[in-house]
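> Chain by chain, the residues run as shown.
There are 2 protein chains.
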Amino acid sequence: MDSLSNLPNPQSTSRSAPAQLKTPKGTLDFAGNEVKLRKNIFRIVSEVFECHGGQELDTPVFELKEILSGKYGEDSRLIYDLQDQGGELCSLRYDLTVPFARWLAMNTNYTQVSRYQIAKVYRRDQPAISRGRYREFYQCDFDIAGKYEPMIPDAEILLIAVEAFQGLEIDVTIKINHRKILDGILAVAGVKQEMVQQKGLTEAVADDIGRFVRNRGTLAETLTLLKGSVELSQNEYIKAGIDDMSLLYSYLRAFDVCDHVSFDLSLARGLDYYTGVIFEVVTALPESKEDASQSQGPQVGSIAAGGRYDYLVGMYCNRDVPCVGISFGVERIYTILSARLTRKKGESVFAEQYDVFVVATGAGGLLLDRMAISGQLTRAGIRAGYLKKTQPSLRSQLRAAEKVPLSIILGFEELAAGNDEKDRGQLVARQDLVKEVKKILERLGQDKTRAICSPQK
Amino acid sequence: MDSLSNLPNPQSTSRSAPAQLKTPKGTLDFAGNEVKLRKNIFRIVSEVFECHGGQELDTPVFELKEILSGKYGEDSRLIYDLQDQGGELCSLRYDLTVPFARWLAMNTNYTQVSRYQIAKVYRRDQPAISRGRYREFYQCDFDIAGKYEPMIPDAEILLIAVEAFQGLEIDVTIKINHRKILDGILAVAGVKQEMVQQKGLTEAVADDIGRFVRNRGTLAETLTLLKGSVELSQNEYIKAGIDDMSLLYSYLRAFDVCDHVSFDLSLARGLDYYTGVIFEVVTALPESKEDASQSQGPQVGSIAAGGRYDYLVGMYCNRDVPCVGISFGVERIYTILSARLTRKKGESVFAEQYDVFVVATGAGGLLLDRMAISGQLTRAGIRAGYLKKTQPSLRSQLRAAEKVPLSIILGFEELAAGNDEKDRGQLVARQDLVKEVKKILERLGQDKTRAICSPQK
Chain G
1 MDSLSNLPNP QSTSRSAPAQ LKTPKGTLDF AGNEVKLRKN IFRIVSEVFE CHGGQELDTP
61 VFELKEILSG KYGEDSRLIY DLQDQGGELC SLRYDLTVPF ARWLAMNTNY TQVSRYQIAK
121 VYRRDQPAIS RGRYREFYQC DFDIAGKYEP MIPDAEILLI AVEAFQGLEI DVTIKINHRK
181 ILDGILAVAG VKQEMVQQKG LTEAVADDIG RFVRNRGTLA ETLTLLKGSV ELSQNEYIKA
241 GIDDMSLLYS YLRAFDVCDH VSFDLSLARG LDYYTGVIFE VVTALPESKE DASQSQGPQV
301 GSIAAGGRYD YLVGMYCNRD VPCVGISFGV ERIYTILSAR LTRKKGESVF AEQYDVFVVA
361 TGAGGLLLDR MAISGQLTRA GIRAGYLKKT QPSLRSQLRA AEKVPLSIIL GFEELAAGND
421 EKDRGQLVAR QDLVKEVKKI LERLGQDKTR AICSPQK
Chain C
1 MDSLSNLPNP QSTSRSAPAQ LKTPKGTLDF AGNEVKLRKN IFRIVSEVFE CHGGQELDTP
61 VFELKEILSG KYGEDSRLIY DLQDQGGELC SLRYDLTVPF ARWLAMNTNY TQVSRYQIAK
121 VYRRDQPAIS RGRYREFYQC DFDIAGKYEP MIPDAEILLI AVEAFQGLEI DVTIKINHRK
181 ILDGILAVAG VKQEMVQQKG LTEAVADDIG RFVRNRGTLA ETLTLLKGSV ELSQNEYIKA
241 GIDDMSLLYS YLRAFDVCDH VSFDLSLARG LDYYTGVIFE VVTALPESKE DASQSQGPQV
301 GSIAAGGRYD YLVGMYCNRD VPCVGISFGV ERIYTILSAR LTRKKGESVF AEQYDVFVVA
361 TGAGGLLLDR MAISGQLTRA GIRAGYLKKT QPSLRSQLRA AEKVPLSIIL GFEELAAGND
421 EKDRGQLVAR QDLVKEVKKI LERLGQDKTR AICSPQK
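Chains as they are written, first to last, in this note's numbering: chain G, 1 to 457; chain C, 1 to 457.
Same shape as in the complex, but just chain G (with noise of 0.2 Å):
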């Protein structure tokens, strides 16, 4: 408890309202229906993780410095620091994979861990509001952590990807290629161009890359190809990454998946990190160009992404943790969605939202009364409202219970006398009336329609 005798007078304090009233540089307040579809996505996304054993993280939002240094590369500009104030030298967080690996680090204690956290992350970039970029913005990750045998995780992580979208309801192709196939394209590439400057052969020869990066097929499609290159076979990488890959379609075939899934050699992944499969989730391709113009809205690019990281938590620690996992583009997924869902023009993103709005008809207001039933609701976990009002005109009333399923009128019977509405009502015994509230709104939520109910006197 404080001193009494140190309470300034509040209504003293200076009224100079700041220089700027706004949010700082590529951020943004979320409000209302905002935050309830971001909110219905991770709901969506956090189940299928569970359905696959996975459980949450939450880190904190800044690390020490040092956790962050070396690990983005030319990235690590776009850092956010604390400012020294005495003690730890820290940054905030610029993903949720480097925290997690700190965490996989110090809890020595699991071999195998699958684990989510959706959590905002935070980039010194040039903000593209309109592009949906931002410089804090939430990232969803799930992966799987610890030694396994060969592409079982790795197949999860895609069965997961495609359960998750199809929770979303969005049509997606998942782009998979290979780090190690990549290597060995690169390293052919590298011998034949030396062929090409040395030994004077013809540019054509050397074409022959690029028609195989260009390939994009299903898994098997795509096997085939690179099996049948003696030239590509042959190098010890594409081999390697040959026998990965053949046994995650098989994998993929179990799950009954491999229809979402496109071989891409083209594909590449920024990230340092990567050591074997690496995707990319796209919304998928129109199969024609009718097909375009009737697509699912805006075009984002990729909406999730991910791979395996087999060394990422060995530079904290002297153990090797293998990892493989996803991250969803949650801004994407929240672009598409509210394409989706048409607001009426006016409508507020923040109105409040009723089931049942208590109105009262007699003389005096009846705010008591009307608090009394209220309450009665509430505490029945039903979300009820009134005009927080003494003395409200009934008319003003009945404007906000419109925008409400059900209205609870006290006095009814007066109304009733002079009024239309009166076949819709139905009277209620008032010992009865969360069991009734209750009924009626189950019966409202089937059949989408408004009703009015009235308890007894």
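Honestly, the hints are just simulated from the structure, not real lab data.
All the given hints hold, so there is nothing to weed out.
In silico lysine-lysine, DSSO-like type, Cα no more than 27 Å apart, as pairs:
no.	chain 1	residue 1	chain 2	residue 2
1	G	K388	C	K239
2	G	K36	G	K403
3	C	K389	G	K147
4	C	K39	C	K438
5	G	K22	C	K120
6	G	K65	C	K65
7	G	K388	C	K147
8	G	K389	C	K147
9	G	K65	C	K25
10	G	K22	C	K65
11	G	K25	C	K65
12	C	K65	G	K120
13	C	K36	G	K36
14	G	K39	C	K39
15	C	K438	C	K388
16	G	K192	G	K227
17	G	K403	C	K147
18	G	K403	G	K389
19	G	K22	C	K147
20	C	K388	G	K239
21	C	K36	G	K39
22	G	K147	C	K403
Following the hints, position chain C against chain G.
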């Protein structure tokens, strides 16, 4: 897409571990069940907020520095600043009230808003982890902003407190007081003291004030006491406070929550900006020493607090937006609830939690079959696991399945021949698997038992 040629070799990365493998001072990771319990608190409290028309707000973790400055008095030194890396100067939020006030000032189209926000806040305080004081911690705030008739929103905030703690199953008392009554008592006491010093009155007269300040009783009792004191009830501040509290009393009676409220004239809250009702929620005080020994866990002080602040928003704009709100002490509530959960010794906070575990008895491990069935189940939203190995022993599979309510056994006939688990199993047609599993899980959920089923060949 990134250029293929820029990929470094990840295995070449230096493996020197950072000097310190930890989270920053005063911060913690939360994992698995710790996150679950926190989210459960948020869910229960949010549902109450939404019952009262509350809409969620999500603001950036940092604000422009000038938005925070001058709002926290001496505590301003505890604000985390971001380093000046060019551009705007920013600070991490210190609470959720100032960001809400900033949002209200920016969004002039909302005249009446009930908003809630659940988010972490940041204070460079001396952490005391054992007493639950951190540098990063959750706040959970509900506020009603806008012009209303006196005390109606104030009563609603107290009703919300009662409903929230009923939902959390924590018995509480809400201690309330009024800023104007505090100010009035201070004024009267000041006059008294002068009289004592200048006119040589006995100290006994001055002691009257002390008697009042130590008073604690029901709303009705304390109101009677105040009105009965000629000296106090003539003070203008106290008069205004009595009027407010009498009105509040009538509303709290309508809401039927007076039993939970204690009018405590000694209650003062630290924050400068309170102007009217102030309150603190404490775990219910035991009636006697016997009760005390059976009390509900650790003593944690106040677990929610709030009050009316009518001039804060005006500091950001040229409008008055009167507000009243409550902030829930998430960490303290967490401490109470987690003390109630008895965790089995050695049980991991981060264990996979499945509803179904798929086991194969046949030779060869049947990994693809186990994957196919698990995939069918997860796609139907069932939390399904299997041992992620090609050739797991039956024993290791059954051991993993022991922790899971339902085991699905492929090749059950073979197992049943020599196993006493036989009687507990049931054969299920493969095409009905998902449907049957859902049925069994529903039954198990009621009985809290384990079961086994097996798809027919």
